[in-house]
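Asks: So the sequences go chain by chain: A and B. In terms of my numbering, the first sequence has 118 at position 98, counting the first letter as 1, and numbering is strictly consecutive. In terms of my numbering, the second sequence has 22 at position 8, counting the first letter as 1, and numbering is strictly consecutive.
In short, the hints are calculated from the structure, not lab data. Some clues are possibly wrong.
What the hints assert, rightly or not - Chain A is faced by these chain B residues, among others (derived, beta-carbon under 8 Å):
no.	residue
1	33
2	34
3	65
4	133
5	179
6	349
Stated by the list, open to error - Residues on chain A that point at chain B, a partial pick, calculated with CB under 7 Å:
no.	residue
7	52
8	55
9	68
10	69
11	131
12	161
Keep in mind it's a predicted model, so treat the numbers as computed, not measured. Glycine is no exception: its CB is placed at the ideal position from the N, C-alpha and C atoms.
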Amino acid sequence: MVATRLPRVGVVKLASCDGCQLTLLDLEDELLAIGQRFDIVEFPEATSRRSMGPYDVLLVEGSVSTPEQAEQIVDLRARTKRLVTIGACATAGGIQALRNWSNEPEWRASVYPRPEEVESLATSTPIAEHVTVDAELRGCPIDPHQLLELLTALRIGRRPQLPDEAVCAECKRLGRICVLVAGGTACLGPVTQVGCGALCPAYLRGCYACFGPRDAANTNSLAGWLARDRTEAEVDRLFAGFTGYAPAFREASRRAVEAMQPAARRRRTKGKAT
Amino acid sequence: MHTDTPQGGDLHFEVGQLTRVEGEGSLDLRVAADGTVAAQLRIFEAPRYFERLVVGRTPDEVIDIVARICGICPVAYQMSAVHAFERLFEVEIDPAVRLLRRLLYCGEWIESHALHIFLLHAPDFLGYPSALEMVHDHLELLSRGLSMKKLGNRIVAIVGARAIHPLSVRVGGFSRAPRTQELAELRAPLEAAIIDAEATVKWAASLDTPPSDREPRLVSLRHPTEYPMNDGRIVSSDGIDLSPDDWGSAFEEVQVPWSHALQASAVDGVPYLLGPTARVALAADQLHPRAAAALKATRISPEALRRNVFLSIVARAVELLHALAEAADIVASYAPPARHAAAWKPKAGVAAWATEAPRGLLFHRYVLDAKGLIRDAQIVAPTSQNQAAIEHDLALFAPAVLHLPHDEATRRMEQLIRSYDPCISCATHFLQLKIEHAR
Numbered sequence: 021m022v023a024t025r026l027p028r029v030g031v032v033k034l035a036s037c038d039g040c041q042l043t044l045l046d047l048e049d050e051l052l053a054i055g056q057r058f059d060i061v062e063f064p065e066a067t068s069r070r071s072m073g074p075y076d077v078l079l080v081e082g083s084v085s086t087p088e089q090a091e092q093i094v095d096l097r098a099r100t101k102r103l104v105t106i107g108a109c110a111t112a113g114g115i116q117a118l119r120n121w122s123n124e125p126e127w128r129a130s131v132y133p134r135p136e137e138v139e140s141l142a143t144s145t146p147i148a149e150h151v152t153v154d155a156e157l158r159g160c161p162i163d164p165h166q167l168l169e170l171l172t173a174l175r176i177g178r179r180p181q182l183p184d185e186a187v188c189a190e191c192k193r194l195g196r197i198c199v200l201v202a203g204g205t206a207c208l209g210p211v212t213q214v215g216c217g218a219l220c221p222a223y224l225r226g227c228y229a230c231f232g233p234r235d236a237a238n239t240n241s242l243a244g245w246l247a248r249d250r251t252e253a254e255v256d257r258l259f260a261g262f263t264g265y266a267p268a269f270r271e272a273s274r275r276a277v278e279a280m281q282p283a284a285r286r287r288r289t290k291g292k293a294t
Numbered sequence: 015m016h017t018d019t020p021q022g023g024d025l026h027f028e029v030g031q032l033t034r035v036e037g038e039g040s041l042d043l044r045v046a047a048d049g050t051v052a053a054q055l056r057i058f059e060a061p062r063y064f065e066r067l068v069v070g071r072t073p074d075e076v077i078d079i080v081a082r083i084c085g086i087c088p089v090a091y092q093m094s095a096v097h098a099f100e101r102l103f104e105v106e107i108d109p110a111v112r113l114l115r116r117l118l119y120c121g122e123w124i125e126s127h128a129l130h131i132f133l134l135h136a137p138d139f140l141g142y143p144s145a146l147e148m149v150h151d152h153l154e155l156l157s158r159g160l161s162m163k164k165l166g167n168r169i170v171a172i173v174g175a176r177a178i179h180p181l182s183v184r185v186g187g188f189s190r191a192p193r194t195q196e197l198a199e200l201r202a203p204l205e206a207a208i209i210d211a212e213a214t215v216k217w218a219a220s221l222d223t224p225p226s227d228r229e230p231r232l233v234s235l236r237h238p239t240e241y242p243m244n245d246g247r248i249v250s251s252d253g254i255d256l257s258p259d260d261w262g263s264a265f266e267e268v269q270v271p272w273s274h275a276l277q278a279s280a281v282d283g284v285p286y287l288l289g290p291t292a293r294v295a296l297a298a299d300q301l302h303p304r305a306a307a308a309l310k311a312t313r314i315s316p317e318a319l320r321r322n323v324f325l326s327i328v329a330r331a332v333e334l335l336h337a338l339a340e341a342a343d344i345v346a347s348y349a350p351p352a353r354h355a356a357a358w359k360p361k362a363g364v365a366a367w368a369t370e371a372p373r374g375l376l377f378h379r380y381v382l383d384a385k386g387l388i389r390d391a392q393i394v395a396p397t398s399q400n401q402a403a404i405e406h407d408l409a410l411f412a413p414a415v416l417h418l419p420h421d422e423a424t425r426r427m428e429q430l431i432r433s434y435d436p437c438i439s440c441a442t443h444f445l446q447l448k449i450e451h452a453r
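So that you can see chain A by itself, here it is in the shape it has in the complex (with noise of 0.2 Å):
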């Protein structure tokens, strides 16, 4: 057997729940063979063996949170040929980025009794603002079909194909009662990118952008319509969920966040350029 070198894996994670990785250790059809196919040399969650690098391939969960953490990061993608974000914390800040707009301290001292001892960024951030990414898996969760994909595409060196439409365009295919229009619930899948198999919808509950805005997407419009039904303050909240630090939402997120937090926007209005 001649002994091609296979390719070094890493998977890492910031801060997160955990869920994106434990996504590709669902594949519980796949895990085996994808174990003989990829050298994973770093993945803490599912074995003891380290490696600092350098890698092939490093997968990276979670959102860049404390300052240790905007560290790590720079210091992970000088180690990695290729860098791959996944799931929305990575590639778009997670729910934890809703505290951009808060005033941090309070935030903390509201959890923590001695808020000095954490170390903690006022911000959670994309990876991408830190470092240059090669490929992005979305969602909260991702989807395991993308995750498989992505492996597939890496191995066999081509670039994956993801699907780069609508949650709507997929909804409608699959023959699905539109919920907003015919339901009237709050819907965010006009604006939101695909990738989950328009499950919200099929659930019967309007889809909540687990992953994240479509580019280009019309936001204001559909908040518009959205506003019909419901208050201004009701259609920003929908905004503001897993993805709402993606720039398409962030401004309705924020809206709603310091809506949500008073004390957040009473010391935010102060320092308002405008």
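Given chain A, put chain B in place with the hints provided.
Replies: This is chain B only, laid out in the frame that chain A set:
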């Protein structure tokens, strides 16, 4: 691992990052020349401020948000939250909805327990760095484990739309309830998995476990007729018996002098143990008959199961079997609920509830205003409660392995920590926990 021998003959064990646990933590153990053991289990999971993130949100938004505390046990967070809100709002849920919630939770227990037993813990007992290296020598074992894990995920996905961060749980019920046929498709795989789980109990009981002896104080839920999961009073092996409303009368989150962070503990300061070992011990009479029979066949005494920390893998296997058998029963008798979601009205007040996450009791307490918006939240994850017990057991166990080569001693201590299936991502609010035991 890094070791050094500073002046005075002290030994210093340091494991930079614990592996095969969910989340990020490290172990720092110092043994002085006089035998004094100082253990530091440090959690460096980045804070995400969940208890503050939910302030100003609606109950249904909270159900989506708290799932993200943990990718391994999102259902647990959703269950503690949804039951708490329904209790406050006095919502009467459909009996079939209640069963579906239990089925969803069984799915999570199956997935989480199989993950831990086969992928995270088995390598300790069989001597591999990870399950991936076991593929050549233990393919059948691994395949069995992965197939049960997959079935657990499938159950969660049928009821909740996807395996991680399911989305159908709503106050009053579900956004959609499965059709009879969808669940009927689980019957044959469940029957096969029950056989596999019976074999797993037998296998786990046959593993060579290091000797360990402790007398743990056990805490779990207790329900009149059900194995602890969604509902019940909080009980302990030494007489605690209270409603989750009164959690604060026996337990508290304190800032101990040696720690920079909150730690959940009993008011009397005695460490307590949550999770499979505690539940199997406190609710042995409520195990599914098939799980009870499998446990009995191992001939492991209840006392040994409780006292040897390394036998937690047997308790977890028994619960894996229990969850599969209970899921099979629910599926067999399932008829869709008449109302998949009951109507509810918001109400001001305190919403408190506890359920049994795979790793143990998960307590939630929310303060709501008249619009039903969250004003304050307290979430006490199992691992933050098990911390004191882990450190206590480490201090007891360490002297027995200190004569071993450093790598081996450290490996054994890591194995002990993994026996708790610590889920550090769930650490909603504790960091840098440090305990020193003077001996």
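Asks: State for each hint whether it applies.
Replies: Structure-based check of each hint:
| no. | hint | verdict |
| --- | --- | --- |
| 1 | 33 | holds, 4 Å |
| 2 | 34 | holds, 6 Å |
| 3 | 65 | holds, 5 Å |
| 4 | 133 | holds, 6 Å |
| 5 | 179 | holds, 6 Å |
| 6 | 349 | violated, 19 Å |
| 7 | 52 | holds, 5 Å |
| 8 | 55 | holds, 4 Å |
| 9 | 68 | holds, 4 Å |
| 10 | 69 | holds, 5 Å |
| 11 | 131 | holds, 5 Å |
| 12 | 161 | holds, 4 Å |
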